[in-house]
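J.: Below, each chain spelled out in residue letters.
2 protein chains.
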Amino acid sequence: MKSDLDQLLRDDHADALWATGPAQHNPAVVYLTGGGHMTAADVFKKVGEEPVLCHAPMERDEAARTGLKTLNFSKFPLKERLAFAEGDHLVASALLNKYILEEIGLTSGKVLVYGRTQVGKFYSILKKLEEMLPGLSFEGDINDAVLLQAMATKDVDEIERIRAMGKVVTTVVSRVAAFLTGHAVEDEILMKPDGTPLLIGDVKGKINLWLAESGAENPEDTIFAIGRDAGVPHSSGTPTDALRLGQTIVFDIFPCEKGGGYFYDFTRTWCLGYAPDEAIQLYESVKGVYHQVVSELEAGKNAAHFQNRTCELFEDLGHQTPRKNPGTEEGYVHSLGHGLGLNVHEKPWFSRADDPTNSLVPGSVFTIEPGLYYPDKGMGVRLEDTYYVTHDGKFGKFVDYPMNLVLPMK
Amino acid sequence: MKSDLDQLLRDDHADALWATGPAQHNPAVVYLTGGGHMTAADVFKKVGEEPVLCHAPMERDEAARTGLKTLNFSKFPLKERLAFAEGDHLVASALLNKYILEEIGLTSGKVLVYGRTQVGKFYSILKKLEEMLPGLSFEGDINDAVLLQAMATKDVDEIERIRAMGKVVTTVVSRVAAFLTGHAVEDEILMKPDGTPLLIGDVKGKINLWLAESGAENPEDTIFAIGRDAGVPHSSGTPTDALRLGQTIVFDIFPCEKGGGYFYDFTRTWCLGYAPDEAIQLYESVKGVYHQVVSELEAGKNAAHFQNRTCELFEDLGHQTPRKNPGTEEGYVHSLGHGLGLNVHEKPWFSRADDPTNSLVPGSVFTIEPGLYYPDKGMGVRLEDTYYVTHDGKFGKFVDYPMNLVLPMK
Numbered sequence: 078m079k080s081d082l083d084q085l086l087r088d089d090h091a092d093a094l095w096a097t098g099p100a101q102h103n104p105a106v107v108y109l110t111g112g113g114h115m116t117a118a119d120v121f122k123k124v125g126e127e128p129v130l131c132h133a134p135m136e137r138d139e140a141a142r143t144g145l146k147t148l149n150f151s152k153f154p155l156k157e158r159l160a161f162a163e164g165d166h167l168v169a170s171a172l173l174n175k176y177i178l179e180e181i182g183l184t185s186g187k188v189l190v191y192g193r194t195q196v197g198k199f200y201s202i203l204k205k206l207e208e209m210l211p212g213l214s215f216e217g218d219i220n221d222a223v224l225l226q227a228m229a230t231k232d233v234d235e236i237e238r239i240r241a242m243g244k245v246v247t248t249v250v251s252r253v254a255a256f257l258t259g260h261a262v263e264d265e266i267l268m269k270p271d272g273t274p275l276l277i278g279d280v281k282g283k284i285n286l287w288l289a290e291s292g293a294e295n296p297e298d299t300i301f302a303i304g305r306d307a308g309v310p311h312s313s314g315t316p317t318d319a320l321r322l323g324q325t326i327v328f329d330i331f332p333c334e335k336g337g338g339y340f341y342d343f344t345r346t347w348c349l350g351y352a353p354d355e356a357i358q359l360y361e362s363v364k365g366v367y368h369q370v371v372s373e374l375e376a377g378k379n380a381a382h383f384q385n386r387t388c389e390l391f392e393d394l395g396h397q398t399p400r401k402n403p404g405t406e407e408g409y410v411h412s413l414g415h416g417l418g419l420n421v422h423e424k425p426w427f428s429r430a431d432d433p434t435n436s437l438v439p440g441s442v443f444t445i446e447p448g449l450y451y452p453d454k455g456m457g458v459r460l461e462d463t464y465y466v467t468h469d470g471k472f473g474k475f476v477d478y479p480m481n482l483v484l485p486m487k
Numbered sequence: 078m079k080s081d082l083d084q085l086l087r088d089d090h091a092d093a094l095w096a097t098g099p100a101q102h103n104p105a106v107v108y109l110t111g112g113g114h115m116t117a118a119d120v121f122k123k124v125g126e127e128p129v130l131c132h133a134p135m136e137r138d139e140a141a142r143t144g145l146k147t148l149n150f151s152k153f154p155l156k157e158r159l160a161f162a163e164g165d166h167l168v169a170s171a172l173l174n175k176y177i178l179e180e181i182g183l184t185s186g187k188v189l190v191y192g193r194t195q196v197g198k199f200y201s202i203l204k205k206l207e208e209m210l211p212g213l214s215f216e217g218d219i220n221d222a223v224l225l226q227a228m229a230t231k232d233v234d235e236i237e238r239i240r241a242m243g244k245v246v247t248t249v250v251s252r253v254a255a256f257l258t259g260h261a262v263e264d265e266i267l268m269k270p271d272g273t274p275l276l277i278g279d280v281k282g283k284i285n286l287w288l289a290e291s292g293a294e295n296p297e298d299t300i301f302a303i304g305r306d307a308g309v310p311h312s313s314g315t316p317t318d319a320l321r322l323g324q325t326i327v328f329d330i331f332p333c334e335k336g337g338g339y340f341y342d343f344t345r346t347w348c349l350g351y352a353p354d355e356a357i358q359l360y361e362s363v364k365g366v367y368h369q370v371v372s373e374l375e376a377g378k379n380a381a382h383f384q385n386r387t388c389e390l391f392e393d394l395g396h397q398t399p400r401k402n403p404g405t406e407e408g409y410v411h412s413l414g415h416g417l418g419l420n421v422h423e424k425p426w427f428s429r430a431d432d433p434t435n436s437l438v439p440g441s442v443f444t445i446e447p448g449l450y451y452p453d454k455g456m457g458v459r460l461e462d463t464y465y466v467t468h469d470g471k472f473g474k475f476v477d478y479p480m481n482l483v484l485p486m487k
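Sequences listed follow chains A and B, in order.
End of the first sequence sits at 487 in the working numbering; the numbers just go up one at a time, nothing left out.
End of the second sequence sits at 487 in the working numbering; the numbers just go up one at a time, nothing left out.
Think of the hints as simulated: they come from the structure by calculation, not from any bench.
Hints may contain errors.
It does not matter which identical chain is meant; a pair holds if it fits inside one copy or across any two.
Unchecked claim - The list that follows gives simulated cross-link-like pairs (lysine to aspartate or glutamate, EDC-like), each with its CA atoms no further than 20 Å apart: (1) K283 to D393; (2) K205 to E216; (3) K269 to E290; (4) K283 to E334; (5) K335 to D298; (6) K156 to D431; (7) K335 to E290; (8) K401 to E157; (9) K283 to D431.
Values in this document were obtained by computation on a predicted structure and should not be read as measured data.
Use the sequences and the hints to build the structure in full.
T.: Laid out in structure tokens, this is it:
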């Protein structure tokens, strides 16, 4: 939680953190500011002190709304910095940050740097800044030991925001199911009222629309993949593909609150009308593993334990897994899940058996999403829900939704 | 244009460029790949050679769709890199890039780095990589001399995609106008059918919905600001503010193609029902300056020339400007415009009089958006359209839309 930040900084022997970039679609800055329409924001937090938000002059109202202590870039005008830097824009940019760091009294020690913005320019600026303030060193938090660690345990408000997004998701998913099954069928292909086939692109248009109606957005494309595409986990689907009966459709939807807030992540696999035997078999295997793993969830255990267990279960059923065959593109080919919050993927990581900070603890929010993929057979199955750990170590699913494979046509 | 990249790299004495990050909402990678559902992509382009796209194993289909030469990260498995790095995740991450650079034969020279991703981690990785491959040096393109310079001149296809987004925008704007003026009014406040006031938040919900319906998205919040908020250029508006007659509303809408494609940028200022004399006066001043500056546009001239000219015109009318009073928060407080493409703000910059690469030339796409702001009087006016320069040096506006200040209530 945010209140852990000081201790986590101390444990990491860091003196401060710096989160940079826009205040939307940028989890580090959103977490520290609450978001807002700021195209450029820099948040500095020294150990034991409140954060300071530096902002552009035109964005002073948005900055003030965050309730943080603020510092207006206009205090250090570009024109004068450029004159001092003899026209060198790199030096002028570094000077802005130098003046800010001096203003807030952060001129020595280790500073952890966060935020999503232009990596190349920032690389040059940080190097220049290290020359200007040789007592300072900047580092990326490669092991996610501080900010992502704080973000990994959610408070009650965050849990409820994620649940609200879960309700948006299941509402949209049920609208999609009703939309699909309401179509006429000709030669196993779903037909629109205008007599042309219903395409993946049409379905995605509806998904985007219904998400927007609910105040959500999907910054990354929704996965709605049929047939062979369903057999490739991150194929988002081919917009010109027609919807056909009897083919596996992997529908993986992971929107967030408008402006880049909390995410939800959810997957169902459907066959329209009927399912071939082979698809039913895959589906039953995935569903069995899903329920087995969920029944074994236990607070305090490392997330990687459950990935390992999932591999074991799939191997027993005769499938390839990344444990037995790293890099396999058939069978079970990914992780059991991932943490989720302001990032669609965050701690706990299910891949780091060596790292005790990836345990499932009160406040953890994570997905459970076993899957089986056979692209050459033209099919794939994935089932996913998002879970959390309560303050007393129990596991809760945010929202319920049926898992049926077959959606009968109306 | 993309075909200029080799010459621009040579002119900058660079040996290659590297664009990193996801393939959506990341202009550098979108420009080089065409976009797609790739959560991690690295594009390397050596001078005189075709780009190579490195991708995650699960995203191989999306990578293949780009038509670029591809390289699968699975060729360099994490497990083996981690073992070699003795569990050090920083070294393991740097090693992936080292192996890729060796594979594509890029182990010495100057590499320009682009893309939006996690700046802190990338800083540490690039520093480690420079240690591992001492012949290589990484730099940010601080002056936007290469990739942004190529992107600054659009080809015919890009111009038409921007125009299509302009049509989406004006369609949505006219729907918003019809929606607003269709409301009942009580005591100067617009009322919903349920008897409660119509709020800014309600209007924004409709905007998001209608954008989604058109296949567009607004990654940053639309500005729909009334009264004092309209007097602060980047205030996006207060969701709980009611819509009132006779107050200036600044409506600045800048969506892009779904997934982070080409943008359009457009602003109108409205008063519902009637406009106070002071607002009319501001509006007439802004409109006059807009038309004067547009009539003076001339290919080959530096964009900053027109910012300077705009300051002159506003000063003649008795307003503060950033030229006379840098940092002013009243009067004309920003730039006349900015280039636009896969970034909502890009070259040509209107602020760099010293830099001849910011001239208006065939293929330039840019906004013209003079404004006047008086937050203490509770009002602001901005008028904005997006323009382009044709191959024979003429200026075109992408789409037309009326500029009226007053929207009469129906």
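J.: With reference to the structure, classify each hint as holding or not holding.
T.: Structure-based check of all given hints:
1. For the identical chains of this complex, K283 and D393 are neighbours neither inside a copy (40 Å) nor across copies (52 Å), given an alpha-carbon limit of 20 Å.
2. Proximity of K205 and E216 under a CA criterion of 20 Å is satisfied in both settings, with 14 Å inside one chain copy and 11 Å between copies.
3. In this assembly of identical chains, K269 and E290 lie within 20 Å of each other by CA distance solely across copies; the values are 18 Å between and 23 Å within a copy.
4. Both within a single protomer and between protomers do K283 and E334 lie at most 20 Å apart by alpha-carbon distance, with minima of 18 Å and 16 Å respectively.
5. In this assembly of identical chains, K335 and D298 lie within 20 Å of each other by CA distance both inside one copy and across copies; the values are 15 Å within and 8 Å between.
6. For the homomeric pair K156 and D431, the shortest alpha-carbon distance between copies (12 Å) is at most 20 Å, but the shortest distance inside one copy (51 Å) is not.
7. With identical chains, the CA atoms of K335 and E290 are at most 20 Å apart both within one copy (11 Å) and between copies (16 Å).
8. For the identical chains of this complex, K401 and E157 are inter-copy neighbours only, at 14 Å across copies versus 61 Å inside a copy, given an alpha-carbon limit of 20 Å.
9. Taking the shortest Cα distances, K283 and D431 never come within 20 Å of each other, neither inside one copy (43 Å) nor across copies (49 Å).
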